[in-house]
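Undergrad: Each chain is listed here by its residues.
Protein chains: 4
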Amino acid sequence: MKLVITKDYKAMSELAAHIVLSEMFVDKRVNVAITAGRTPKLMYEQIIPVIKGNPSLKNVHYYMFDETPITHRIGDNRQQLNDLFFTPALIPSVQIHPLDEHNDDDYEAQIEAAGGLDLMVIGMGADGHFCANMPPKADFDQYMYRINIDESFPWQKRYQDSVLPEQSTYMITMGAKSLMKVKRLVLIVNGSEKAEALKAAILGPVTTLLPASILRYHPNLTVIVDEEAAALLDRQEIQKFL
Amino acid sequence: MKLVITKDYKAMSELAAHIVLSEMFVDKRVNVAITAGRTPKLMYEQIIPVIKGNPSLKNVHYYMFDETPITHRIGDNRQQLNDLFFTPALIPSVQIHPLDEHNDDDYEAQIEAAGGLDLMVIGMGADGHFCANMPPKADFDQYMYRINIDESFPWQKRYQDSVLPEQSTYMITMGAKSLMKVKRLVLIVNGSEKAEALKAAILGPVTTLLPASILRYHPNLTVIVDEEAAALLDRQEIQKFL
Amino acid sequence: MKLVITKDYKAMSELAAHIVLSEMFVDKRVNVAITAGRTPKLMYEQIIPVIKGNPSLKNVHYYMFDETPITHRIGDNRQQLNDLFFTPALIPSVQIHPLDEHNDDDYEAQIEAAGGLDLMVIGMGADGHFCANMPPKADFDQYMYRINIDESFPWQKRYQDSVLPEQSTYMITMGAKSLMKVKRLVLIVNGSEKAEALKAAILGPVTTLLPASILRYHPNLTVIVDEEAAALLDRQEIQKFL
Amino acid sequence: MKLVITKDYKAMSELAAHIVLSEMFVDKRVNVAITAGRTPKLMYEQIIPVIKGNPSLKNVHYYMFDETPITHRIGDNRQQLNDLFFTPALIPSVQIHPLDEHNDDDYEAQIEAAGGLDLMVIGMGADGHFCANMPPKADFDQYMYRINIDESFPWQKRYQDSVLPEQSTYMITMGAKSLMKVKRLVLIVNGSEKAEALKAAILGPVTTLLPASILRYHPNLTVIVDEEAAALLDRQEIQKFL
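Chains as they are written, first to last, in this note's numbering: chain A, 1 to 242; chain B, 1 to 242; chain C, 1 to 242; chain D, 1 to 242.
Hints may contain errors.
All copies of an identical chain are treated as equivalent in the list; a pair is satisfied when it fits inside any one copy or across any two copies.
[As the list claims (entries may be wrong)] Here are the computed lysine to aspartate or glutamate pairs in the EDC-like style, where the Cα-Cα straight-line distance is at most 16 Å:
no., residue 1, residue 2
1, 240, 105
2, 2, 106
3, 240, 27
4, 240, 108
5, 199, 139
6, 58, 112
7, 199, 227
8, 137, 104
9, 28, 227
10, 183, 193
11, 183, 141
Hints were generated in silico from the structure; no laboratory data involved.
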């Protein structure tokens with residue numbers, strides 16, 4: 001793990017944008033999976049002007065690492081990524097590979113047949129979840145799998161209000177084993193409300209109670225955080241990750 | 001070859017900076033060789049604020065791809081890189097590997113023993129030279145070699161005024177075979193005065209009269225140019241490089 | 001280039017077989033292109049017992065690097081590879097990707113969409129040809145292309161007797177630029193009748209008169225030869241390739 | 001994980017030998033760490049005739065992944081590797097990098113400065129240990145570390161008879177985090193006495209009680225076993241690893 005502590009959200013976003021852009025402008029097919037949510041908002045704002053309509057990026061293909069299927073509608077994450085990135089960046093739909101309840105069994109085989117994922121950029125929740133590997137239900141022995149959303153699922157409570165009746169009772173997500181195969185993995189974390197989770201993910205035990213703790217085994221992981229998120233990290237202990 | 005035509009010098013510099021920064025923030029030793037000269041000036045201005053004093057970059061080592069030895073003084077390229085980048089970016093000298101007339105025989109063996117070059121960023125002259133592979137003397141069958149500077153050397157005439165009495169009568173440069181081993185090669189070219197050379201390098205024959213023409217065989221080359229440099233490229237012919 | 005001089009044809013074949021087998025048994029899709037002809041005969045005999053019916057090799061896909069289309073029949077190279085390898089090794093046809101006059105325009109795009117070629121094993125003719133890059137018509141600026149077989153084609157004369165009326169008047173071949181993108185390239189050469197060509201390919205000038213001379217620019221090339229083929233190599237000059 | 005079930009110890013050894021030899025004959029420095037013990041005996045017998053005195057292997061450097069220091073003597077593993085491989089294969093000592101109680105703090109930094117480990121071949125004990133990551137003391141959060149050998153260490157009991165008075169009270173070993181950085185990892189396991197451990201390592205939970213269970217997170221792992229070791233594996237469950 002390479003840990004990079006940036007001074008603020010803007011610097012974190014810029015560094016993540018450098019990596020995403022760099023990985024795209026190469027003479028080969030590139031397969032990427034990038035996160036929705038609030039964390040990457042500014043990263044996309046940095047990226048979009050460079051790639052919007054850029055004729056040199058026909059080689060870049062986009063995959064989803066998780067999805068919440070909704071009947072008769074586009075999935076929740078895809079909708080968010082459309083709004084945040086695909087639509088404003090004018091990404092041709094032929095370069096976007098949707099994930100849904102009909103193809104989740106075969107999705108990773110498709111990625112493997114395309115040479116594997118070159119880059120994944122993910123965020124982490126204050127509860128330590130990554131993709132939809134939610135505590136405590138995350139299963140580190142899985143590639144892509146379905147994780148139930150039900151009353152026993154604490155994460156669900158927080159989001160209850162926004163659950164649509166048409167929403168599936170499960171989420172689809174890549175698991176730890178999928179992520180280990182990604183050639184370059186980037187984790188971005190900002191804000192003091194995630195400082196506890198970041199500390200646990202980096203310095204605590206590996207446990208499904210804090211799923212991001214498993215990511216430390218990835219051989220090419222860059223963790224980019226702002227100072228607020230890094231506030232609880234013991235500077236002595238993190239020396240080896242700088 | 002991936003060809004990227006950016007709208008101006010600033011956009012070219014920013015894209016090159018994205019790549020340099022991205023390659024540095026990884027959890028492994030990184031060996032880079034980056035160019036002096038006028039072309040990368042703005043690229044370094046983009047890079048320096050991010051890496052100056054950054055504690056997460058102890059893994060980055062800097063190598064020279066060419067040098068003009070000067071008796072009793074630091075080499076010409078090293079001096080330029082000091083001024084442009086190493087000094088303002090506060091790069092510790094332990095991470096900089098000087099090249100001179102005493103170690104050029106062994107320099108590439110040192111690089112190989114450190115895992116090889118991960119990234120090289122080069123420019124190209126209006127005469128098509130890269131590193132110090134000067135037309136028509138460039139020798140495509142060489143790894144690092146010495147190329148004589150003498151009256152038969154047309155390139156010399158142009159720079160005659162600046163030649164110091166203490167300057168060596170040769171330059172040291174990596175050759176085509178060295179560059180082919182670099183894991184990622186980036187060529188940056190801007191300005192209308194290089195448009196002819198760029199066209200020849202990309203679309204003309206491979207020849208020592210235009211040394212950069214050999215670079216097309218590199219398997220992971222990104223050529224970043226501004227619109228002025230790209231002005232003479234036939235849009236039909238370059239489709240396959242976009 | 002890594003040059004390995006083995007004591008005889010058997011040792012050459014075994015080393016090539018080690019590489020082919022090693023590249024196959026990995027946890028990812030593997031795309032390989034391997035040669036027909038006489039040279040690899042013993043290599044295939046080494047490989048076949050290991051992979052015949054092996055359930056752990058569903059990840060290996062086979063591509064052709066050249067082909068001579070024949071009307072109403074399977075191509076000439078595919079037929080040879082069927083006989084030498086695909087049939088005795090029981091390779092499922094879903095893992096074999098035929099090349100013909102209908103798909104040669106799109107064939108390399110398919111390979112790129114599958115992640116590129118991981119391994120290519122080629123031979124070299126006594127005339128210095130590789131794949132169907134024939135002297136003096138080889139075009140080093142090409143990816144896959146068609147090379148005409150006509151009276152001006154000296155190579156043709158030698159094979160005249162075996163030309164069928166239904167045979168196409170051209171061959172399809174990957175060019176130098178295709179090969180540079182292959183992740184690992186292996187060239188096998190045996191026999192005294194190829195000693196002159198081998199010497200020229202390694203130590204002579206790069207020229208379309210001896211097409212294999214261009215291969216020296218490949219960054220991950222292993223050249224495996226027997227002592228007969230190596231007989232004319234100056235031991236001093238080849239030191240740097242060992 | 002790619003799982004390969006071979007019919008017997010000989011076939012297991014040959015496949016491992018293919019991989020070791022293949023990784024060595026490349027045009028770059030190669031850093032390998034290979035196991036002592038009984039398991040690889042036949043693998044070395046396959047390898048030695050090919051590499052003994054081979055002038056094309058000056059690029060291969062050998063590192064140790066664990067060691068038992070002994071006062072005034074060469075370490076226990078180094079002695080075993082000398083006997084098994086280094087001495088009969090005539091490996092020059094300049095290509096062998098000893099590990100001992102004086103350099104274990106710096107050893108992995110040396111490897112990283114040499115470009116990292118390209119290949120590691122390990123065995124597994126019937127107790128599930130790998131390298132010297134012994135149950136239950138193995139610490140998955142470590143790079144290289146010292147693991148105490150004392151009365152609480154069940155593994156010790158079994159080997160008590162062979163412990164020399166001069167032997168250190170600890171072993172030095174690379175940990176899980178070190179292994180995750182190895183570019184290609186090969187695990188060889190044979191014999192019915194390891195069938196339980198193999199089943200647990202592949203299909204059981206990840207636990208320090210069976211340290212090899214952590215290896216499943218490595219992105220480029222080939223597990224080569226003979227039929228006796230594979231006897232307890234549920235054929236349905238292992239389908240995804242073939």
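Undergrad: Now tell me if each hint is right for this structure.
TA: Comparing the hints with the structure gives:
| no. | hint | in the structure |
| --- | --- | --- |
| 1 | 240 <-> 105 | between (39 Å within a copy, 13 Å between copies) |
| 2 | 2 <-> 106 | neither (32 Å within a copy, 19 Å between copies) |
| 3 | 240 <-> 27 | between (34 Å within a copy, 10 Å between copies) |
| 4 | 240 <-> 108 | between (33 Å within a copy, 12 Å between copies) |
| 5 | 199 <-> 139 | neither (21 Å within a copy, 19 Å between copies) |
| 6 | 58 <-> 112 | between (19 Å within a copy, 12 Å between copies) |
| 7 | 199 <-> 227 | within (12 Å within a copy, 45 Å between copies) |
| 8 | 137 <-> 104 | neither (19 Å within a copy, 39 Å between copies) |
| 9 | 28 <-> 227 | neither (36 Å within a copy, 23 Å between copies) |
| 10 | 183 <-> 193 | neither (29 Å within a copy, 36 Å between copies) |
| 11 | 183 <-> 141 | neither (19 Å within a copy, 21 Å between copies) |
Violated hints, listed in ascending order, are 2, 5, 8, 9, 10 and 11; each of the other numbered hints is respected by the structure.
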